Amino acid sequence: AQTVTQSQPEMSVQEAETVTLSCTYDTSENNYYLFWYKQPPSRQMILVIRQEAYKQQNATENRFSVNFQKAAKSFSLKISDSQLGDTAMYFCAFMNPPANAGKSTFGDGTTLTVKP
Amino acid sequence: DVKVTQSSRYLVKRTGEKVFLECVQDMDHENMFWYRQDPGLGLRLIYFSYDVKMKEKGDIPEGYSVSREKKERFSLILESASTNQTSMYLCASSHRKVTTGELFFGEGSRLTVL
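Chains A and B, in that order, give the protein sequences. The first sequence begins at 1 in this note's numbering and counts up one residue at a time. The second sequence begins at 1 in this note's numbering and counts up one residue at a time.
To be clear, the hints were calculated from the coordinates, so they are not data collected in a lab. From a predicted model like this one, the values you see are computed outputs, not experimental measurements. Quick reminder that beta carbons are idealized off the backbone N, C-alpha and C, glycines included. Please note that a few of the clues may not be correct.
To be verified - Which chain A residues stay away from chain B? Per the calculated CB distances, all over 12 Å, these:
hint: 1; residue: Met11
hint: 2; residue: Val13
hint: 3; residue: Thr27
hint: 4; residue: Asn30
hint: 5; residue: Gln39
hint: 6; residue: Asn67
hint: 7; residue: Lys78
Stated by the list, open to error - Part of the chain A face toward chain B, derived, beta carbon under 8 Å:
hint: 8; residue: Tyr33
hint: 9; residue: Leu47
hint: 10; residue: Thr113
Given these sequences and hints, build the entire structure.
Laid out in structure tokens, this is it:
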């Protein structure tokens, strides 16, 4: 079974600074998908960014980027120019293909607070 | 926009009561999921369904059942609620014909069992 580990239960960052959230996973599969989801306080969880394991290039979505190290089974999320609206719980998730199956394994989450 | 709607944001029930948590999605998604979210434990999969009248057990199905009579609706049932089922319950859906793997979540139902 796959496991996903987020070793930082809580983090904080000053507005406009950069922060990196860590995620490691364990799998024997070669093809898979990795995700970062964001859950703002009292609001629904949404996808931040995704990475397909066969792609070597790190995914980027505006201020959000990942550092995907397949050999190390590491998938960290970097948030640049942090904004107050980035305050949320962030979950790292792993999915075996086929992607249309949708069945994901989640980490325990990291609560990020952006301070003004 | 994809919308996943959970019928109740907050519920308070008594031990032994039967509890229904309803989830409806409006984007014709084939896949639907029920997760339980607890502090320090992340999200754990309870049940999922890939089609109408189809269901599969997730990682923690004990004490729960589900129903999927229509494609857009996936219900989670607690036959006899217990205090250890006090939790946040999240419904999610995804499109079987789209290979991004993205899950779309509802706002959650926070259940307290007294």
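* Asked: Is the shortest C-beta separation between Leu47(A) and chain B less than 8 Å?
  -> 5 Å, holds
* Asked: Since Asn30(A) was said not to touch the interface, does its Cβ keep a gap of more than 12 Å from each Cβ of chain B?
  -> 16 Å, holds
* Met11(A) non-interfacial with respect to chain B [C-beta, more than 12 Å] -> About 15 Å separates Met11(A) from the closest Cβ of chain B, which puts it past 12 Å; holds.
* **When the least beta-carbon distance from Tyr33(A) to chain B is tested against 8 Å, hint result** => Holds: closest Cβ of chain B sits about 5 Å from Tyr33(A), inside 8 Å.
* Verify that the Cβ of Thr27(A) lies farther than 12 Å from every Cβ atom of chain B, and report whether the claim holds or is violated. => 15 Å, holds
* Is the nearest Cβ of chain B still more than 12 Å from the Cβ of Lys78(A)? -> 20 Å, holds
* Given hint Thr113(A) near chain B, where the shortest CB pair must fall under 8 Å -> 16 Å, violated
* **Non-interface label on Val13(A), tested against every C-beta of chain B at 12 Å** => 21 Å, holds
* **No chain B beta carbon within 12 Å of Asn67(A)'s** => Given that every Cβ of chain B is farther than 12 Å from that of Asn67(A), nearest at about 20 Å, it holds.
* Run the C-beta distances from Gln39(A) to all of chain B and say if the shortest one exceeds 12 Å. => 8 Å, violated
Violated hints, in rising order: 5, 10; the structure is consistent with all others.
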